[in-house]
Amino acid sequence: MNSTQSLISELVSQHGKKRTSLLPILQGVVEQEKFLTEFSMIEIAKALDLPASDVYGTASFYSFLEHKKMGQFIIRVCKTITCDMKGKNQILLAIQDMLKINIGETTPDGKFSLLQTNCLGWCHKAPAMLINDEVFTEVTPEKVREIIGTYMKRND
Amino acid sequence: MTTSHYQLKRVDLIFKNENDWKQILSRSLKRDQTDIVNSLISSELKGRGGAGFPTGLKWKLTAEQEADTRYIICNADEGEPGTFKDREILSQVPLKVLTAMAVCGYVIGATEGFIYLRGEYKFLEKPLNNAIKEFENYCNDIGFHFSIKIFMGSGAYICGEETALMESMEGHRGEPRNKPPYPTNNGYLGKPTVVNNVETLVHTYTIFKYGAKKFKDLGVQYSRGTKLFSISGDTPIPGIYELELGMSLQDFVDEFGDGDTKAVQVGGASGFLVPRKRFAETIIGYKGKLTGISLPTGGSMMLFNSSRSMFNVLNNYLDFFQEESCGQCTPCRVGCQQLLKGIHAVKRGEKHASYLKKLIKLSETMEYTAKCGLGQSVANSFSSIVENFWEEMVF
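Residue numbers (numbering that gives the first Met the number 0), protein chains in the order written: chain A, 0 to 155; chain B, 0 to 394.
So that you can see chain B by itself, here it is in the shape it has in the complex:
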């Protein structure tokens, strides 16, 4: 057993309490808007899509903009390999998501909300629309005007990036915009817009129900609250688990591994690969002053045991990225293709093993120069896999 200070704790907050939604909504609508924002800020909730922007601050910035119209968009374009938690939230507790969207609408002054649902989850459209109907009926009954529409995606990973998502909703190619301006002042149709991940919204519901303190008591400094983890790969118990943030990867592997775990991919294809020797020093949480390395995550945890070739894993990721790159900026469009070609050339012996170092340099260049998170994050998995499994790349 490890002596890690950060223990793994299972929690059950996300998938319960849906029945209270009417009460939570009407109670929140009686509160002062600033009071709601302040309690979100003091809860230290950070966005659960992976980027980790403070949610309360996002709402505050959007509310402060001068504008006649504002929007709230729920980002349900869950496309990161190894992530499947949002689908489960939307099938099990949709009314919690809708309630949180409406409260956000009340806080920022939006009367219209959208759920951007990925095309692969089309089967959710009908049940979700039924939930929306029930929800809007209740809003009408209590005299609160707020409407929610589903916008379907059509098979493009990049549309999970918030500005690409808005381009897509506006009827364009899903190509990310330059930031700044940020969506909080220039979002959907040029209006101030809050874009929140499905899970983030559900956490705000928990905070509306129990208050900021109960949420903040969970987790560790800089990484408060719980997180849903999508666990897959070589594990006897794959599935969706709600855990307190701040656990060590060693504790995680002890709980979910198959006894032969050689590496864990934290945060999906755009995240980091952690080899066995670094499990103990790796903490799952947002960046901050934690001991060892802290890795933020959208919740994707993929376990690999010793029967897996890390060359195949990297090959699969790069194939994914070069298909899903929007092609707008050169570093990402060309970089992804060259990385994929490069690892094959080394594997076939056409290039010397030292060529891998050049490829790592290339991925670093992409990190500095690509326009959006997709191109910038290819370096994460690329260098963490190549550096830790050099032999597997060459032989």
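Only chain A is shown next, with the shape it has when bound in the complex:
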């Protein structure tokens, strides 16, 4: 059994084999591995006794269940109206300049991915962004350089 298989069997024993556990299991795999491979989706299908196409169909619906290899830290900058008005473009430029990647790309060392996302629910403290599950609000280009600098030094 490789690490993905043991992760899946652990998640299945935690959440159960019902169809209602599908989303929690997919989320658990993404939390550990940052994205879903064809292999992991087939393994989940086997474990839950579902057609693999059903697992793929469900997984591909949700924007947080990524299908391509993602970095260790996924940066999601909010692009909805208030954040747009309050300067999310400057934030994106600062991040792109610092990490030398475009939106949708991952740094060569596999540490950071940069994405845009829809409303994060922090419009009163715009612009806002997420790094994995952590929220940053009222960010400025200076602040964002500082934040990413701290993440660059992290070795976890």
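Derived by calculation from the structure, the hints in this document are not laboratory data. Careful, some of the hints might be misleading.
As the list claims (entries may be wrong) - Among the chain A residues that face chain B by a calculated CB cut under 10 Å, a handful are:
1. Leu25
2. Gln31
3. Gly56
4. Gly86
Said to hold, decoys possible - So these bits of chain A aren't anywhere near chain B, every CB distance computed over 10 Å:
5. Ser2
6. Glu9
7. Lys17
8. Leu22
9. Pro23
10. Lys33
11. Ile41
12. Lys78
13. Thr79
14. Asp96
15. Ile102
16. Thr106
17. Ala125
18. Lys152
19. Arg153
20. Asp155
All values derive from a computational prediction rather than experimental measurement. Even for Gly, the Cβ is constructed at its ideal location relative to N, Cα and C.
Given the coordinates of chain A, work out where chain B should sit on it, guided by the hints.
The following block gives chain B in isolation, referenced to the frame of chain A:
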């Protein structure tokens, strides 16, 4: 100053009284179920997620169904652009929400409740689980069997639609179901289910505490009680405010605007844009016999001043809708894309300005034919922006 009859009044009910939760719970569990439902009905509380269905009636309809199992789901998939009140409720007074869920469980005969929490609020999962543990321990102590679980979303706006939410919980794509049947008779796993917005539940707590009359004394006819407003955009004081329903938009702008407000988006991207000339006649409340236009809202109020291009605003909304459309029904899937392409074609001069009229027709077709609220409500912001800011769309 305006001479509007409806004044803006700040209230503080939602973020206080959390400490009474044990007392409220045990007191409610001693009451007769019908008595609780009747007091909710007489309070005239309507759902605070935006749709405005009478809450007491929803509980009553669910309780009346023949079934072995029923569920209560707290809808915390707060995704409407410009809305952030539910997050604040769940961080500040989670025990009020849990208490209300348990009382609902007692009334409708459910022993299991769920909180559907959007993926973007994952940081709330841990503190919320701690609150649930404390709550369930107390329930055990008093011999009331009720459990609450958090179900995490994964970044899909449409899952805030109640039937899409249940599809998602059942492990499927978050695609809305046909209505009827309504969740009150055929909900989660086919069982009768109450789906309430976070804020609605907190209002029921207020009613349990103070009684229906105190709640009903607030607000105006057809729009009783208070509402949390998420205020953002061009305002010097963005944030979350609890206000009495029934205020005029002019009073609102006088209080929260920056002196240069040219338009307010009421109800988020799926709501309406109100231009300056109509502030005075617009009332914030549910549909009913109010003077002027009354706009219901999930609480999102976004202010725009004269430096903003309304073309950019509409472009941003349409980009949002075409990404978040579940793609299940054609009017919404294709309509959102065509509206977005269309306004760009007009802006670039590839299409004559009169093409905008065709696009308004298209949005109206979506309103009639789309399967759920997402596709049906695109017409709200589309036609209200295009009609009021025609020049900005063309030049």
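To see whether the hints hold, each was checked on the structure:
Interface restraint check: Leu25/A against chain B, minimum CB-CB distance 8 Å, threshold 10 Å, status holds. Interface hint at Gln31/A: violated, since its Cβ lies 14 Å from the closest Cβ of chain B, which is beyond the 10 Å cut-off. Proximity of Gly56/A to chain B holds as hinted, the smallest CB-CB distance being about 6 Å (cut-off 10 Å). Nearest Cβ of chain B to the Cβ of Gly86/A: about 13 Å, over the 10 Å cut. The hint is violated.
Consistency note on Ser2/A: stated as away from chain B, and its beta-carbon is indeed over 10 Å from all of that chain's, at 22 Å minimum. Residue placement check: Glu9/A keeps its beta carbon more than 10 Å from all beta carbons of chain B (closest about 18 Å). Its beta-carbon lying about 8 Å from the closest one in chain B, Lys17/A breaks the requirement of being farther than 10 Å from that chain. Here Leu22/A does not stay apart from chain B, with its beta-carbon only about 6 Å from theirs, under the 10 Å limit.
Non-interface call for Pro23/A relative to chain B: violated, since the shortest CB-CB distance, roughly 7 Å, does not exceed 10 Å. With a minimum CB-CB distance of about 14 Å to chain B, Lys33/A clears the 10 Å threshold, and the non-interface call stands. Look at Ile41/A: its CB is around 16 Å from the nearest CB on chain B, clear of 10 Å, so calling it non-interface holds up. Listed as outside the interface, Lys78/A is inconsistent with that label: its C-beta sits roughly 8 Å from the nearest C-beta of chain B, within the 10 Å cut-off.
Not every Cβ of chain B is farther than 10 Å from the Cβ of Thr79/A; the closest lies at roughly 5 Å, contradicting the non-interface assignment. For Asp96/A, the shortest C-beta to C-beta distance to chain B comes to about 24 Å, beyond the 10 Å cut-off, and the non-interface label holds. Every Cβ of chain B is farther than 10 Å from the Cβ of Ile102/A; the closest lies at roughly 14 Å, confirming the non-interface assignment. Listed as outside the interface, Thr106/A is consistent with that label: its C-beta sits roughly 22 Å from the nearest C-beta of chain B, beyond the 10 Å cut-off.
The claim that Ala125/A lies off the interface is violated: its Cβ sits roughly 7 Å from the closest Cβ of chain B, which falls inside the 10 Å cut-off. No beta-carbon of chain B is positioned within 10 Å of the beta-carbon of Lys152/A; the least distance is around 22 Å. For Arg153/A, the shortest C-beta to C-beta distance to chain B comes to about 18 Å, beyond the 10 Å cut-off, and the non-interface label holds. With a least beta-carbon separation of about 17 Å from chain B, Asp155/A lies farther than 10 Å from that chain, consistent with its non-interface assignment.
In this structure, the hints that do not hold are numbers 2, 4, 7, 8, 9, 12, 13 and 17, in rising order.
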